[in-house]
Amino acid sequence: MNIRIITSLYSPRFPAAVTYMLQASEYQSAPYLKWLWRTADFSGVARRRTLKRTAKARLLELFLALGMLLEILAGLSLIAYGALSGDNAWAWEIGAALLIAYPFIWSHLVVLPLEFGRVLIVEPKLNKDIKAAKTIYQNHPGVKIAVAGSYGKTTMKELLKTVLSEGLKVKATIANKNVLSEHAKFAKSLSGDEDVLIIEYGEGAPGDVKRFAFNTHPTHGIITGLAPAHLDKYKTLEAAGADIFSLGEYLNGKNVYVNAESSQAKAYIKPGYITYGSKGVGEWRVSEVDLNIHGVSFSLSAGKTKLNLSSKLLGEHQIGALSLAAVIGLELGLTHDQVIAGIAKSKPFMHRMQPYELAGAWVIDDTYNGNIEGIRAGTALLRELPARRKIYVTPGLVDQGQDTKRIHNLMGELIADAKPDLVVLMRNSVTGFIKEGLISSSYSGELQVVDDPLNFYEHLDQIVAAGDLVLMQNDWTDNYA
Amino acid sequence: MKKLAVAVIFGSRSTEHDVSIITAISSVIKPLELSGRYNVYPVYIDKQGRWFSDPGLASIELYTKGNLEAFLARIKPLQLKMNGSFELVWPGLRPKNVKIDVAFPATHGTHGEDGELMGLLEMANVAYVGCDMPSSAIAMDKALCKSVVLSEGILTPKYVWFYSRDFSRDNNAVLSKLSELKYPLFVKPVHLGSSIAIARVGNPKELINAIEVAAHYDDKVLVEEAVNNLIEVTVPIIGNDKLRPAFVEQPLLKSQDFFDFDSKYLHGGKKTGSGKNGSQGYSKLPADLPPKLYKEAEATALAVYKAIGCSGIARVDLLIDGKTKKVYFNEVNPLPGSLYAHNWRAKGLSNVKLVDELIDLALERNISEGKLATGFKSSYLKQY
Amino acid sequence: MNVIVDNLDIHYELKGRGRLLMLLHGWGDDYHTYAGLMSELEHSYQLLALDLPGFGGSEPPKQSWNLDNYAELTAHFMAKLGLDPIYAIIGHSNGGALAIRALATGVLKANKLVLLASAGVRNSQPAKRLATKSVAKVGKATTFWLPEARRQQLREKLYGSVGSDMLAVPALEETFKLTVKQDVQADAAQLKLATLIINANHDPAIPLKDGERFHELIKNSRLEVLPSSSHFIHQTKAKEVVSLIEDFLS
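Residue numbers (my numbering), protein chains in the order written: chain A, 1 to 481; chain B, 1 to 384; chain C, 1 to 250.
In isolation and in its complexed conformation, chain A is listed as follows (with noise of 0.2 Å):
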């Protein structure tokens, strides 16, 4: 043990440690304790991120802070009285142990306020709340899309929304907000006229999906994928696969949109479902692709109709998400010039695939992709396109569990088969398994291992220059550190 790591543990930057760890696990109770045993050293832990201070932060902080404070006080009063009273040993020894276990034993009571609040104010509240929306679900005229996968949802339901807004009222959950409080909340805020609803439905444990179905009553159901993900909850991908797939039984096989271009999601498949991938959608047959750094391009028709689309979206995986988008958007009675038009509207979202220009070089910031089918679609799009030098920059996925070694050997072949001339990589307990992938591809470009991500985040301008190709994807948190 350290100097640093004991002065971090008694540093009066302590709580603020503590409160900043609750935060960025959510205030969720696992994941904190997981994360504070494996911690040694506090002072590093709010180094890439800082501590936002909302009232719920600054309570917490002033929690830990004046329980600490009466320990320590505690403690000195019983050293005191031990040392004056000469034959009160066990107050002196008492004493001492308060004051050496302070940062443990309130790093750990500050889950209790959490819990209480949670059992006794927050999940009745929820209850009722999610009742109230199954009836305005239930109730709402417009047709209501829910989108479910391992990935890519988020991506689908945004191109869906751009190309639907452009003869449709539409509305959609935002962001990740995607689970049943979330739903919730969703159905509060809608006004009843919306022609369509589009819900996004963020699995975590088994049954999640087939009771955000129940709930939300869709009309149509799309399916983006399956890949290992959550596999703390769902322990197998057939479970996870299982759940997943009961959006298509809640439909009875109307409606339902699957990717083709998801191995693990072929065996769900049940005839009457509709598949969608780079080669079309049911009837509808992709053609003429054209793909570059600015964006992706095709024809899409089915007997004698035909359009072309482009969009600002990057990488051949994209044209799946597309023409479904251009067909349900058909389907629900947008013009040709309407799809066409929204289509063209679809760009990349923040970090997501999105290229900008740095230093007369490329770079497609993927850093909020984390998962193994992104790696696959972002490496592919790096081996088309054309670039002087092509660097790939990756901290490697996170949420692998026992699979972490599987899936970082996999990424280090994929990377391989992109042949970039530069591989970075940043410093962590996947590392290793990313490097063995490499090898046992034979990568034969430079390897570079950052052990301070933000300096060359920060200073990506001098690392690379004109007609430089650079894919960054996922960058984790500090929560894994």
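A hint or two may mislead.
With the C-beta cut set under 10 Å, the calculated list includes, among others, these residues of chain A facing chain B [said to hold, decoys possible]: (1) G360; (2) R389; (3) V450; (4) D451; (5) L454; (6) D461; (7) Q462; (8) A465; (9) A466; (10) G467.
Restricting the straight-line Cα-Cα distance to at most 25 Å, the calculated cross-link-like pairs of lysine-lysine (DSS-like) are [claimed, not checked]: (11) A:K435 to B:K326; (12) C:K109 to B:K205; (13) B:K182 to B:K326; (14) B:K205 to C:K80; (15) C:K209 to B:K205; (16) C:K62 to B:K220; (17) B:K177 to C:K80; (18) A:K435 to B:K2; (19) C:K62 to B:K47; (20) B:K220 to C:K80; (21) A:K171 to A:K345.
Computed beta-carbon distance windows for the label pairs [stated by the list, open to error]: (22) B:S368 to A:D451: 28 to 38 Å; (23) B:D18 to A:D451: 27 to 37 Å; (24) C:S229 to B:Y163: 27 to 37 Å; (25) C:V242 to B:Y183: 28 to 38 Å; (26) C:G18 to A:L454: 26 to 36 Å.
In case anyone wonders, no lab produced these hints; they're calculated from the structure. Fair warning: this is a prediction, and the values are worked out from it, not measured in the lab. For every residue, glycine included, the Cβ atom is placed at its ideal position computed from N, Cα and C.
Got chain A; can you put chains B and C on it based on the hints?
Showing chains B and C alone in chain A's frame:
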């Protein structure tokens, strides 16, 4: 792989002291650190000539916020050890030593770029980045440089040089020598860089005033004819034996007759907003020249680099008469401000790759020098 | 352009055609302060703007200077350039004090004078000056044992807190003290030439009553007050200042 110890030396007793700080911190130290291949030691020489080394010296805020003196008072001046190698020594009860593998001079102007520092490093037998001592010394004397280049058959505007003391002793003699030149003329101090005290003059009165200014700063003054239909270009080059030019770059000027200190270092940085382009606020990259003339400019620059004996890196400034298509040599900068990183980047060489290559070139030159015979057994001493 | 005057490298600009105007900047400033003004006036006047020694692109004086040293240098500078006689001098802040002193002592000659938020009434803010002075005295007495670098830091903090611009240019500390001591009210009283005084009503550096004082002292003067809370009226109220000056000079 063991990391190379690299000392980046900057500052020094020069009118371009401050420019050197920017070159060192933004264009040398940062990319060296980012490369991951080196342990970087910033070595700062203050305006009095004292040497310091401390990680804190690599932060630009130290120099801009005005608390440098207090910082220097806290750290001890550095000592150097030359024991068949080049070592930095931090004195104290437990002195700390670091043996430097490669020195990276990032000094501009006098007591640095002019070859003095290179001579010191040469004596210490340490590999160092950039031009060697003789080529730096030649490059820093604009008059000497012109005569070397002329003897290689490269054009340069008609010029006269003289000692400042001769002008103050008998300016008529000097002026009569100058009368063979045709106005407008440029007056330059021979050794100073960054356009300090350079003036363009159109009549004898202005000429005398301008010579006084140049002589105020330098012991040698150069007066040369201006090139008509002027297109000014500059060509950064790296390499020892195999040379590699960056883009031929055309600085664009606004309302100024020439590249003066203000537009080069003060206004340029402001106008671009980022400050990262530093000196090169406005320029055409690559220069807007007909292909043949572009090629000729590039070839002339390479020929100058060779003639002067440059190695590592240098930047050759050329003057082109847009009508006659003649390419004239203007001057050489052994250490281009900020390494002209913006140009290299546009050419496809990132800042990090650029410093990597410069370090490699330094090592390569050091090795090839080692192969030269430096002595042979003699019996002189025995005969004594 | 640069020229050597009294063995100092002086940076200046000469442009425009017409009667000659000389522009003098204030403490810690340089002639670029007049960039806006110059681009207007150059159409009808020849403008001569210089950076005073120690400021902008000019070399600092080798000793500590007072206003008389600056005045003398300006005169030598004029002689060196061999230009027409000066028609008017425009001085801002400390440049105004310099103009008053130089004209009163006859070192410079001009037909007209424009004072922009001119300094030179040195005792109008007794409280502030007393604060600065006593802070300095106490500071000196109590910090003598500190290393020089630390003292410098403290000094910067202290002077910063009482609003003095003494340390805007630390190398000129002594020169600043000398020029700041120099009150030019007696000089102003001797001036006979037509003078335009422009002040801002809420200038944080030079109170309006300094302008009123100059107006009182200079017989042939006119005071114009502009609504502004900036000391740099020639920049913040450029249009008004230019038209007042053009009107006054024609």
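Evaluated hints:
no.	hint	in the structure
1	G360	6 Å, holds
2	R389	7 Å, holds
3	V450	7 Å, holds
4	D451	9 Å, holds
5	L454	12 Å, violated
6	D461	7 Å, holds
7	Q462	4 Å, holds
8	A465	4 Å, holds
9	A466	5 Å, holds
10	G467	5 Å, holds
11	A:K435 to B:K326	56 Å, violated
12	C:K109 to B:K205	24 Å, holds
13	B:K182 to B:K326	18 Å, holds
14	B:K205 to C:K80	10 Å, holds
15	C:K209 to B:K205	46 Å, violated
16	C:K62 to B:K220	23 Å, holds
17	B:K177 to C:K80	24 Å, holds
18	A:K435 to B:K2	20 Å, holds
19	C:K62 to B:K47	17 Å, holds
20	B:K220 to C:K80	23 Å, holds
21	A:K171 to A:K345	17 Å, holds
22	B:S368 to A:D451: 28 to 38 Å	35 Å, holds
23	B:D18 to A:D451: 27 to 37 Å	32 Å, holds
24	C:S229 to B:Y163: 27 to 37 Å	55 Å, violated
25	C:V242 to B:Y183: 28 to 38 Å	36 Å, holds
26	C:G18 to A:L454: 26 to 36 Å	58 Å, violated
Figure legend: structure checked against the earlier numbered hints; hints not met, in rising order: 5, 11, 15, 24, 26.
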